[in-house]
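K.L.:
Spelled out, the chains give:
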Amino acid sequence: MIHVPDENGRFGKFGGRFVPETLMNALLELEEAYLHYSKDAQFQEEVRYLLHKYSGRPTSLYYAERLSEHLGGAKIYLKREDLNHTGAHKINNTIGQGLLAKRMGKSKIIAETGAGQHGVASATVAALLGLECKVFMGEEDMKRQQLNVFRMQLLGSEVVPVLSGTRTLKDACNETLRYWVSHVDDTYYILGSVTGPHPYPMMVRDFQRIIGDEAREQIVMDEGRLPDYVVAAVGGGSNAMGIFYPFIGDESVKLLGVEAAGRGVETEEHAATMTKGRHGVFQGSLSYVLQDEHGQVQPAHSISAGLDYPGIGPEHAYLKDSGRAEYVPITDAEALEALQLLSRTEGIIPALESSHAIAQTMKLAPTLDKDKVIVVSLSGRGDKDVEAIMGYLGGTPNESH
Amino acid sequence: MNLIDNVFAKLKSEGRTALIPFLTIGDPDLATSVTMLKTLEDAGADMIELGVPYSDPLADGPVIQRASERALRNRITLVDCIHVAEQAREAGVKLPFILFTYFNPVLQYGLDRFFELVRSKGISGLIIPDLPIEEDEEVRALAEAADVHLIPLVAPTSKDRVVRISRKARGFVYCVSSLGVTGVRADFHSGIDDFLATVREATDLPIAVGFGISSREQVERFEKQVDGVVVGSAIVRTIENALPLLADAARREEGLRKIGDFVSQLRG
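Protein sequences appear in the order of chains A and B.
Note that my numbering numbers the first sequence so that position 177 is 177, with each residue one more than the last.
Every number in my numbering is 1000 more than the matching position in the second sequence, counting from 1.
One or more hints might be untrue.
[Unchecked claim] Which chain A residues face chain B? A few, computed with CB under 8 Å, are given here:
| no. | residue |
| --- | --- |
| 1 | Arg17 |
| 2 | Phe18 |
| 3 | Leu128 |
| 4 | Asn174 |
The set of hints was computed from the structure by calculation and includes no laboratory data.
Since the model is a prediction, treat every value here as computed from it, not as a measurement.
For every residue, glycine included, the Cβ atom is placed at its ideal position computed from N, Cα and C.
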């Protein structure tokens, strides 16, 4: 197993802590607390207990027989993160960080959200643990995801509209960091992906690796061997990092990250950070970034709000440049097609994010023999997207972005 | 000798504190920025921070964010900002220029090329707010070689980092007055005086205070404790308010005068 990040939060050249000095002490304190509690048996037991009793883990690894037959190639297994409480993998991380916030004596948490999934998962944990919670959400996203806004409010959280910049996830992240700078004394920032400054990429990976730890054990149980491929969608990259990480040392297992190509990587409207981005510093770490030639970060586009982000976690950049993982783009149209196929063949409506991983699987499976095995991270369920999908499929002009 | 050192030495002998205004370059346009640098000098500024507009200004509050957005609509680049310094120099501005830029535009331009350019265009200092000491080794070495002062930020939360940061500082140490982003505010961090005393003790370099200072009273509050006071958002807001005037050829002078007057009264 590789040992990254190093003590400076570097995954090879990627990662680090590119933040204003006003935040450095908070990050160092967080790192210290995390390193301490990650070795604390009682803390780990508390995390395990809530993941099990509250969120319903372990999630099942389900053999999608009809989908496999339909595609006529490899056997496809779905890691059912959609069966988690709140409907996605996001809660794995918010349970961990919420408990850490409590241990650190913080009474308030803040979080950023795009589509609202991480916001809902944070609001949920805040209610569960009795913490005050503010969720920062771009004004544009609030309009598009009114139901999730109400859901967070119902859970007792305040949703703070972000009016700066693009008024979407990118600027919600900026605004959350800015707020944190002013309130570091009593406030804990639950960052939702494997992005941002150290220690977040490492910590969120560690809280999400349960996806891969379970999947690895389950596939060995069911198939008696490791899979040939692990496929997951990447925006910031937390579900992908979570499922990839325990397989990194298994050289025979190919890791495939699927990013959002939006209207096509040849257009201006995509979120294909790996395919079209360059190395750069964005929101606290060095990674791949969608940017113009002058280093200004460019807005992203995807039908899926969760993938609609111009950055990606630094460990993914490290996996890409070292050749350990491969990253491929899937368009809005391909994702929609995959969503419908999975709905019809398996009775599972996947989230638009996860539909990107399914779409790549649709391309991959038919090229492989029937004795090959693909594990796909089904990171979330599609309930939140049904209204938008109705717009797209009904032919009404519905803009995801 | 670096121009920043000269100015601080001269002010010290006169018993004065440096007034260091900040403005976002390219707001509203490059030519006006050149003119405004002259205006600020005439109004009593001692050195000037040139803010490079950036798409994701993490350390900045709404006023400077808006100025950045306006400048970026004009597609202002890092190189444009450096050229503004050069043109202002050619137009007779003598003050030291400090470039304030986030790291990514510098990284994309290329570190070696960047330092070649700033050296040749008369930039004396550099502030990169998202480059803490843990990440600045390469930049610091290049800055040193180019005789450009890499000016670090220290915050009330920096605690035992203050000594480590100050030891590596060049030019002056920039003390952040309060926890938060740039922007006008009524109150400073409650431990501000102790904090400034700690920084003073940690370094022989001049120290300056900034973030949230917007009035003559606030400048005065700090004058006895520090060698320099940075005023940013209050000036950028004054420029924002003067935009309609600056856009009108007949009233442009009036707009510039408003900006100059604001800086003069800060000087006291």
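K.L.:
Look at each hint and say if it fits the structure.
P.N.:
Do the hints match the structure? See the list:
no.	hint	in the structure
1	Arg17	holds, 6 Å
2	Phe18	holds, 5 Å
3	Leu128	violated, 29 Å
4	Asn174	holds, 6 Å
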